[in-house]
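Number of protein chains: 2
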Amino acid sequence: MQLLCGLATIFVLLAVLREQQVQAACGYANCPAGKANMINVHLVPHSHDDVGWLKTVDQYYYGARNDIQHAGVQYILDNVIRELLRDAKRRFIFVESAFFFKWYNEQTAEVKSQVKTLVKGGRLEFAGGAWSMNDEAAVHYQSVIDQFTIGLKALQQTFGACGRPHVGWQIDPFGHSREMASLFAQMGFDGQFFARMDWIEKTERLKNLTAEVIWKASEVLGQSAELFTGLLYRHYSAPPGFCFDALCSDAPIIDGVSYDNNVKERVDTFIKYIQEVTTHYRSTHVLIPMGDDFNYQIAAMNFKNMDKLIKYVNERQSLGSKVNLFYSTPACYLKAIHQAPLTWPSKAQDFFPYSTDWHTYWTGYYSSRPTQKRFERDGNHFLQVTKQLTTFANLTGNDVNSNLDALRHAMGVMQHHDAITGTEKQHVAADYDRLLAAAIESAQANARAALQKLTNLTNGEFVSCLQLNISVCEFTKNGADQLVVTLFNPLGRPSYEYVRVPVNNEAYIVTDETGRLLPSDLLPVPAEVQRLSFRPKIASHELVFLAYVEKLRSYYIKKSANPRSVEELKVETQMRSMNSIPKRFSEMHKKSAEENELKSIAIDSESRGEIIVKNSHVKLTLDSSGHLTKVEMNGVSENIRQEFYYYNAAAGNNAEFKNRSSGAYIFRPNGTELLIGRQVTFSIYEGTQVKEVHQRFSDWVSQVIRIYEGVNRVEFEWLVGPIPINDNIGKEVITRFTSNIKSAGVFYTDSNGREMLKRKRNQREYFKPNMTEAVSGNYYPITARIAIEGESNRIALLNDRAQGGSSLKDGALELMLHRRLLRDDAFGVGEALNETAYGEGVVARGKVYLILSNAEGTPSRYERLEQLQIHLPFWKFFSNATKATNKKVRQISSFNLPQTVHLLTLEPFNANERLVRLENFMDKYDANPVTFNLRPLFDQLSGEEIRETTLDGNLNLSEMIRFKFQPESSNVTKPEYYKTLHSPLLAKKKDSVSKFSIVLHQMQIRTFVIKWR
Amino acid sequence: MQLLCGLATIFVLLAVLREQQVQAACGYANCPAGKANMINVHLVPHSHDDVGWLKTVDQYYYGARNDIQHAGVQYILDNVIRELLRDAKRRFIFVESAFFFKWYNEQTAEVKSQVKTLVKGGRLEFAGGAWSMNDEAAVHYQSVIDQFTIGLKALQQTFGACGRPHVGWQIDPFGHSREMASLFAQMGFDGQFFARMDWIEKTERLKNLTAEVIWKASEVLGQSAELFTGLLYRHYSAPPGFCFDALCSDAPIIDGVSYDNNVKERVDTFIKYIQEVTTHYRSTHVLIPMGDDFNYQIAAMNFKNMDKLIKYVNERQSLGSKVNLFYSTPACYLKAIHQAPLTWPSKAQDFFPYSTDWHTYWTGYYSSRPTQKRFERDGNHFLQVTKQLTTFANLTGNDVNSNLDALRHAMGVMQHHDAITGTEKQHVAADYDRLLAAAIESAQANARAALQKLTNLTNGEFVSCLQLNISVCEFTKNGADQLVVTLFNPLGRPSYEYVRVPVNNEAYIVTDETGRLLPSDLLPVPAEVQRLSFRPKIASHELVFLAYVEKLRSYYIKKSANPRSVEELKVETQMRSMNSIPKRFSEMHKKSAEENELKSIAIDSESRGEIIVKNSHVKLTLDSSGHLTKVEMNGVSENIRQEFYYYNAAAGNNAEFKNRSSGAYIFRPNGTELLIGRQVTFSIYEGTQVKEVHQRFSDWVSQVIRIYEGVNRVEFEWLVGPIPINDNIGKEVITRFTSNIKSAGVFYTDSNGREMLKRKRNQREYFKPNMTEAVSGNYYPITARIAIEGESNRIALLNDRAQGGSSLKDGALELMLHRRLLRDDAFGVGEALNETAYGEGVVARGKVYLILSNAEGTPSRYERLEQLQIHLPFWKFFSNATKATNKKVRQISSFNLPQTVHLLTLEPFNANERLVRLENFMDKYDANPVTFNLRPLFDQLSGEEIRETTLDGNLNLSEMIRFKFQPESSNVTKPEYYKTLHSPLLAKKKDSVSKFSIVLHQMQIRTFVIKWR
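Going line by line, the protein sequences match chains U and V.
According to the numbering used here, the first sequence is numbered sequentially starting from 6.
According to the numbering used here, the second sequence is numbered sequentially starting from 6.
What the hints contain is simulated information worked out from the structure, not anything from laboratory work.
Check the hints yourself; a few may be wrong.
Copies of the same chain are indistinguishable here, so a pair counts whether it falls within one copy or spans any two.
[Stated by the list, open to error] Here are the simulated lysine-lysine pairs, DSS-like style, with alpha carbons at most 25 Å apart:
(1) K269 - K313
(2) K482 - K1000
(3) K1016 - K624
(4) K313 - K117
(5) K94 - K117
(6) K117 - K316
(7) K852 - K121
(8) K663 - K1000
(9) K663 - K979
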């Protein structure tokens, strides 16, 4: 792939836009004016309020468990608001809508009105504004967009335009993704600020005055994804010695009649600091954050001292000082530097991995708490399903909204940079699980109501089973005599998918809604899963059948009354051992000659003890040790060896850099890497539709390699844990695929599940890294996909949750599956990442999908389509089949969107409004722009009017005006702005169909609000 | 002595007083009404704000050094006031005027007005109200009265009657003196509350429902010194689990939609606690403090949660709960129980010593930091001097007031229960010293101005030397060629006193203002003092002469031009060694036959190696080891042996009671008691007026035993330190006097320098103590005097600062002089009491005065007179003699008060007002009531009007109405009140002289405000 700046024409610079328009824009209108010929210091009061970390969300909000950390967000807001009301010059920014609205909704009408006044006057300003300050490594872009949507929407509904943030404020996430910057730009943000950057890069950038950049955050979206991005000078903390809060101990400004009067010293020290900062930035304006984690619990203390600081520092001006202090906001700082005749360097790649010293790479959290990371994906999956179901069923009412909001909010919380990251304390992780489970349960009420309306199962239970990944579903296990599986397809087009239902070891028949029998396989649940005896509800078998669903369809499962007839239908399934290798292929699907003609068949003979498992599309070879050694598919063959390893974790005292431990944040192998299972015990199960190799690598690592008939991918379902620690060594378990591909150090990783980034081993975009930590320093977040390619072959691994991954050697790919550690890494969490359940280490299960293809052509196109299928498969609702009635129901069908167009969002929005996001999920390397007509979708959603908005849905696209910052080569004359080039869609029912025709460029997302009925 | 309740007739019960009068009284008028048939819970929000402890006063006020303790009183007041303004139901009490007025004076007019509204409405109420919450063991009553005077005056001036506290709030002092209760009663307080009591007594009292008592706080003052006194149930803290503050971590009330909603549990827990408390008190009203040390920094957090607590607990009433919560104050609680038909037990003795477990007696602080304890006395001494001088010179103006206030305030601070007690951190002790020294320097400006006006030394320097106790005074040492010593006598009558001036080893002549030559002695400063080489300014000699001063008089010292003539005048002084014992007696003063006839002369013959040192009044015998063994004076003889010992200090880890260490608070000897100096090296210096035995007991303990001609006491000037710790053992040094007096376990100790209390070894008034700690458990605070007596003889020791002392064996008395410890005692201070200066342990010097007398008659009368002389001797101001002019100055003369009447206070009060306190310093055992006429004093002070007030000077005595609580024997009908019986003096200049005639009963203090000019 090449790094090209594409689609630069979508947005253009509108030099004609009048300054006054922006000046008058809410938020900017109230910015304090600096003084000419001065260093204008924008003091930015803020409180960094983690939506869970050492304490749960509610513990932080209410200020419970202050023994862990003295933090109560309700008091911060109580007190800040009061302080703001005391003096119109004071400012404060708030970031996390999860906390803000929990607080706001508890306030009296009087307080609400006061807050509105503050917001209107720019005294209280929102930055970021999403439900939480999301992580940028482990999050999926769909959930980021969702959580910005709800945050900005709440702000919009409460405060109107003045509540809308202008800047991103990602001060704490541990590294920064390019996709996040792209999303900010698409939401209309003018810039973003953050604090964490690889320490070498940070040093370099401060030295070179490149700490503020124009981030070209997309290789394809051009200017519409450009975002001004600023690095804060000193974390997000107040200047050293100037934190005036319950949680710090710096000297207050003592200006009274006191022996301790320190005004002179305090002013001297502050001015000196400002002078230091200004040497590292281009402008005479500087942004000085005044706050820190959970600061402003004693807001009066903060503001009282800042008032004095401002007073006494500015009094120095009469003695010739050029330092001018005032309360401000990041947006006002941004406005000030935008208006200055300055130019800025650009940035193309991202800011991963984040490192804070020679030995400390924050790459452990990419994989920490793998079960939580997966559960979050389940949450997103179900959220999309219930949002769509609620829409299709036209459900309304407070309960409906609050049920859905519960899950929206929970998912917003989960995106927080100490939630999805796994960097929270154990009890907090448990609370996130509780929260998400409860929210899913809430949303389930909507799903049930919708399905009772949309199907003929009037009293259907529509049970969701959240532990299907380990074959747990009591409903199906005990009720499969008369079961109906209602499948909901969240994608924008009809799909085929193999459906698996946990059942008992009995004979079943599967029929569709017409009574037509479907072929099915009954496969045993692996012994290693069944052995998880602490989960008594694990089924012994899974029933597998191929379903085709446009949007919603029910299939019926019945225990066969006549076992014989079942026998006839039942896929022949047979266990093979190493000693008896009779092979059977049941080819229900017809091979497409073209698809199945293996270009290179280099199967080593069975005489050499190899085992072949194949179907019409895929051929796998295992060697005598039981390891996969070769894959043939998509017309190519590659010697791919798959193995499990673990790194022994470094276990230091963290007192010095070199003594850093591996922990929740940090991945630091101690140098020992061990293969798990030199000899693999395995069994092979061959059904008509699915073939499975059940591998056992050790007491605590097993796997199912699985290929489905007609599906061009190999599924590796791994089971890892409890990771043994009886040797007192923490371990980090990876799956590694090695091949002969000459990848020349290059590999590709996704950015939050969307665009891919090119990585080069041991290299960085801006600086020369010190690779003291050769393994962890090459780890990157893999949210969806990692790939390598050589001259002919390409391997992509798709995963089912965020993981850390790398290509440490040419031809190799690895993903970290699970971690169990015995030391804290000393970045605050204060616990070792040693997850346990049922008295032993947590067992994690998940899937990695391998796609081998020809590197030529557009292999990524197929990978992208698979990625969507993996991300949003059918959701299974289970009911008792006897509930079916003959009720006439409104049929919903798929929108039949073009193959490359992803129905990213469909949800109820404001009253009588629906939000739709359509995404061309293809890269410019994979496909062309798509033109299609929205009218069918519009009609299907009972549309009356449609308008196009920014990505978050809360601002009409036509109103979006963004600061354009000037690149270094340009000659600045006066401030310029970005504006959308394409004419935002704005149509009504009465308009001609042609007006609904839209173009989706590659990677473009367009967001529409449809007014209905 | 007998314990009798005397003078009961001064005050009478005025049953006729109408309830409405009190109801309408400011403060009580706004009390919340309880509910009938309920347990009415008075929640009392308060913050205990130490005026220095772990941090200095200003560090606490400004919130500096929050690394030591997160405490900033300015924020507490900022935030509490704002919270009070938010809801009229909320209440708060504030205690320490030092902090309050520092804050109040910084406020805007608007805030001041708001505060006034709060005070007027009873929402902000003052309790205590003195400058600080004074200690009760080591303080002198004069300073307690002074610091209440300034606190209550500031409240009066700022808030009028509503600002006046009704209750004492002595929640933290480590034991409670009877005199303090007496002073409260005399100031018109209705009651007091405290939290600390011997743990056994506390247990007993709670069990027996005697935790609230009528304290009969004087043996002579009767009802005018009765005070209701209540013990708080659980320290002064909020109920366990109900502290909602920056400094605690209890669960907030979570009443929102939250998984953590805990309203039911919180209410259950609180109600259970209340039910527990009520079983230990007599009333259905209970006082529940809601606060703790430096709480309410996040006042919004406190009040928000208390609001919810009140709401939800009271909501339970609808379910039958009988618990009724509301915000209240201690005064309102007091009012409620006063109105209830209840009777109360009485209490006669005090609450010393305070013990918190079997091994933990808080008797160390009686002696901790002996140099600070002495410096505080110097401060008081100089404060009285400058107050009088400022008055006599009619100085006015802001500077004059603020100079005086500086010292008043500093002395108020010094009374704080972590200041005078020596229980603060070392850097805080240093700051107290700094503060007091600076304040003395301020007041010195007044003194100088006054003296320049009142003497003919127009340009006199009037230097005060603060280190005369170790013969340091640069001014006299270098300038004694032409020196004038201006002596100010703060007593109310003329006095004789021997004056000592540090000089060089040269010949001097002393003359009075008329040029009359006075006899003088030149004595060497002890070698051990001179050896304190780190103080280079120590003089080699001291010039001693007898001065007679009515109020103010100057003496002139000149180096003799003709050494011969000096030689003639000079007292023959000769050093005697053990080997050459020629004796000389120079008897300048005529003996009074009566006084000097020794009744029992049982001098062991000199053949036994004894040494006799005597003058016309006193005869001392030393044995061959150099120890004092016998004293003869006042017609009696007693074998008194004086020795120094030290206790080795217990050094535990404090983890368990039995591992308690001796520390700043705790005195815990480890069982080893060691004699210092079995053989004493000594020298004897015999002047015409003074005879001194310079004893050296060890490298670090020496002493001067001194008798002055005509003075009936023996002075022991001890020098202790640096206490060696090279054996890693802390040491506590005592001086011990043993005799043959059969004291039968009984000894007498003063209470804050005023009335005496009878102590019985190993006994307590109310309970049977466990005497596991036989030494420290018998220690009592000795502020001025300790005495034993047998059938014939009585020994009293008078000291010059607060010390711990005891009579551990019959006939023995001991005082603890100095302590040096190596462990903290784990009560918060966090440092070992290991004072150092100049790189080694601190050296302390001080005086103990012994008076031996016949136990029959009124020996105490003489002791009391001596006590005043010792407490308030002449203050010496030094000037260069050449500054004398012939200016005519207004002569001030003594008031010539009756011998037993003490001029306790004379100071400028409000504008054109002077405050005078007169005290009959005699006990009823020592003298009779005194009747005398105030008119001369009134005229001397240019009086226009005179009115009598409560002890603090801020309430006209005629307006004082105090709650009278009913003793257990009484039949209660309705609430009763105390009122003064004697007609308060109220007179004008034009009134007849006879109207100014007053009676002072024994121990009575009468306070007058005189309007002048």
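The hints, checked one at a time:
Taking identical chains as interchangeable, the C-alpha atoms of K269 and K313 lie at most 25 Å apart only when both belong to the same chain, with a minimum of 12 Å there against 44 Å between chains. For a Cα distance limit of 25 Å, the shortest separation of K482 from K1000 qualifies neither inside one copy, at 51 Å, nor across copies, at 107 Å. Proximity of K1016 to K624 under the C-alpha cut-off of 25 Å is found in neither arrangement, the shortest distances being 50 Å within a copy and 113 Å between copies. Within a single copy, K313 and K117 get their C-alpha atoms only as close as 29 Å, which misses the 25 Å cut-off; across copies the closest is 20 Å, which meets it.
Taking the shortest Cα distances, K94 and K117 sit within 25 Å of each other both inside one copy (20 Å) and across copies (23 Å). Within a single copy, K117 and K316 get their C-alpha atoms only as close as 31 Å, which misses the 25 Å cut-off; across copies the closest is 22 Å, which meets it. Taking the shortest alpha-carbon separations for K852 and K121, neither the intra-copy value of 48 Å nor the inter-copy value of 71 Å comes in at or below 25 Å. Taking the shortest alpha-carbon separations for K663 and K1000, neither the intra-copy value of 64 Å nor the inter-copy value of 90 Å comes in at or below 25 Å.
For the homomeric pair K663 and K979, neither the shortest alpha-carbon distance inside one copy (50 Å) nor that between copies (79 Å) is at most 25 Å.
When the structure is compared with the earlier hints, violations turn up for hints 2, 3, 7, 8, 9 and for no others.
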